[in-house]
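Undergrad: These are the residues of each chain, in order.
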Amino acid sequence: MREPLLRTLGLAVAAAYALFIVWLYVRQPQTVAEMTGAMSASIGAYHVDELAFADGLRLFRANQFEASRLAFDRADRAHQDARTQFYIAYSYYREGWGRVYNDDVLFQRGLEAIDRAIAAAPNGRIAVEDADLQLKSGDELKAELQAGIRRDASDFNPLKVFRQRK
Amino acid sequence: MIREAFILPLSFLTVALLGGLRIADRVVLLPPPLFSLVLGFLLLGLLVRCGALAPERLMNGTRSPLQNAGGAVILLTAFAAAAQAFNAAIPESGLPRLLFSVFLFVLLVNTSAAAPDRVRVLRSMLVIFGSAFILKFIVLAALSDPAGGWLKRTLLAMLEGLTLGTLSQEPYRPATGYVAFAALALFLGSLTLLPARQTTALTRTS
Numbered sequence: 001m002r003e004p005l006l007r008t009l010g011l012a013v014a015a016a017y018a019l020f021i022v023w024l025y026v027r028q029p030q031t032v033a034e035m036t037g038a039m040s041a042s043i044g045a046y047h048v049d050e051l052a053f054a055d056g057l058r059l060f061r062a063n064q065f066e067a068s069r070l071a072f073d074r075a076d077r078a079h080q081d082a083r084t085q086f087y088i089a090y091s092y093y094r095e096g097w098g099r100v101y102n103d104d105v106l107f108q109r110g111l112e113a114i115d116r117a118i119a120a121a122p123n124g125r126i127a128v129e130d131a132d133l134q135l136k137s138g139d140e141l142k143a144e145l146q147a148g149i150r151r152d153a154s155d156f157n158p159l160k161v162f163r164q165r166k
Numbered sequence: 001m002i003r004e005a006f007i008l009p010l011s012f013l014t015v016a017l018l019g020g021l022r023i024a025d026r027v028v029l030l031p032p033p034l035f036s037l038v039l040g041f042l043l044l045g046l047l048v049r050c051g052a053l054a055p056e057r058l059m060n061g062t063r064s065p066l067q068n069a070g071g072a073v074i075l076l077t078a079f080a081a082a083a084q085a086f087n088a089a090i091p092e093s094g095l096p097r098l099l100f101s102v103f104l105f106v107l108l109v110n111t112s113a114a115a116p117d118r119v120r121v122l123r124s125m126l127v128i129f130g131s132a133f134i135l136k137f138i139v140l141a142a143l144s145d146p147a148g149g150w151l152k153r154t155l156l157a158m159l160e161g162l163t164l165g166t167l168s169q170e171p172y173r174p175a176t177g178y179v180a181f182a183a184l185a186l187f188l189g190s191l192t193l194l195p196a197r198q199t200t201a202l203t204r205t206s
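Chains as they are written, first to last, in the working numbering: chain A, 1 to 166; chain B, 1 to 206.
Simulated from the structure, these hints should not be mistaken for lab results.
From a predicted model like this one, the values you see are computed outputs, not experimental measurements.
No false leads were slipped in.
Simulated coverage check for chain A against chain B, where a stretch passes if three residues somewhere in it have a Cβ under 8 Å from a Cβ of chain B:
#1 5 to 14
#2 21 to 28
Derived Cβ-Cβ restraints for the label pairs, each shown as a range:
#3 Glu-140(A) x Asn-110(B): 56 to 66 Å
#4 Thr-154(B) x Asp-139(A): 50 to 60 Å
#5 Val-38(B) x Arg-58(A): 54 to 64 Å
#6 Ala-72(B) x Asp-139(A): 40 to 50 Å
#7 Gly-189(B) x Asp-132(A): 53 to 63 Å
#8 Ala-12(A) x Arg-49(B): 28 to 38 Å
#9 Ala-16(A) x Ile-138(B): 32 to 42 Å
#10 Lys-136(A) x Val-139(B): 48 to 58 Å
#11 Ala-45(A) x Ile-23(B): 22 to 32 Å
One side only, chain A facing chain B, incomplete, derived with CB under 10 Å:
#12 Tyr-17
#13 Ala-18
#14 Thr-31
Using N, Cα and C, we set each Cβ at its ideal position, and we do this for glycine too.
The shape of chain A in the complex, shown without the other chains (with noise of 0.2 Å):
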């Protein structure tokens, strides 16, 4: 009696190590907080610091945006919110854009964070209200960020120093 008891256990306890080593190496979270973070947010259990993602918003408006990803990074530890990767990517986008060049490395740095953000929201759907922002979702973007990375003769033309930041 105790023989299959032990063995039924046995087979338990070794599928879900090897789920867990799965999902690991599906996810690969480069930190205990987002290892914890990741499989608390797959039973819908993970939530954000509010108190820090509201300082991030504010230090992001008002154009900080080193330290408004600081408190972003704070309120989303384990980056699994998709609206404060959002705002991290939107934070990436706005720093380096420039009127004559953008800054390759920050719009990469967004596009990893918009990236995750598309990975987090449910079906990648991604839609922020914000007044604030002229891009809205993650699709919009996503797509300004590859744009500002890509090489193109749109590049040579003069005329790009008037645009505006969005």
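Let chain A serve as the given structure and place chain B on it in line with the hints.
TA: Just chain B now, kept in the frame of chain A:
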């Protein structure tokens, strides 16, 4: 029974987890490349051939479905661990990756053709994985170290005239080597715990 239900599957799964762990600026978990799967399969075949692993003791018609399921889990996890052990031992890129892969493949085929007994195969595995570990995590790591050191200077003097472009690897943190060492040691230890083929003792009667 505890060994079959818990110790072997969990230790093999731990090897499968740690074998792909690489710690540099960021932590990366590398899944096994296809060639590691081939080498892992060859290694399991070799273990069966030499009697270090007796699949018939893990799965057969006289065992209950639960026991057979446990046996199947051991075989599957042993295969995953073998693939990840090779993943840990083989360099990630360049000429060393090719050389290590071919070298390990030939070694496994050669050992299989020699049909040694269980103890000799396990000793051979210790030498194969030990050598690969030293070459990858000590020699190649020293050559790839951007800061350099006495070992790098010595090796450069020995390899005078040879370009390091094809030899150097992505530098990892020292923790990667320690983790790989633990994974390989656990793997080799777990291989010795596999149910071996039972041989009938022959006694001379006069």
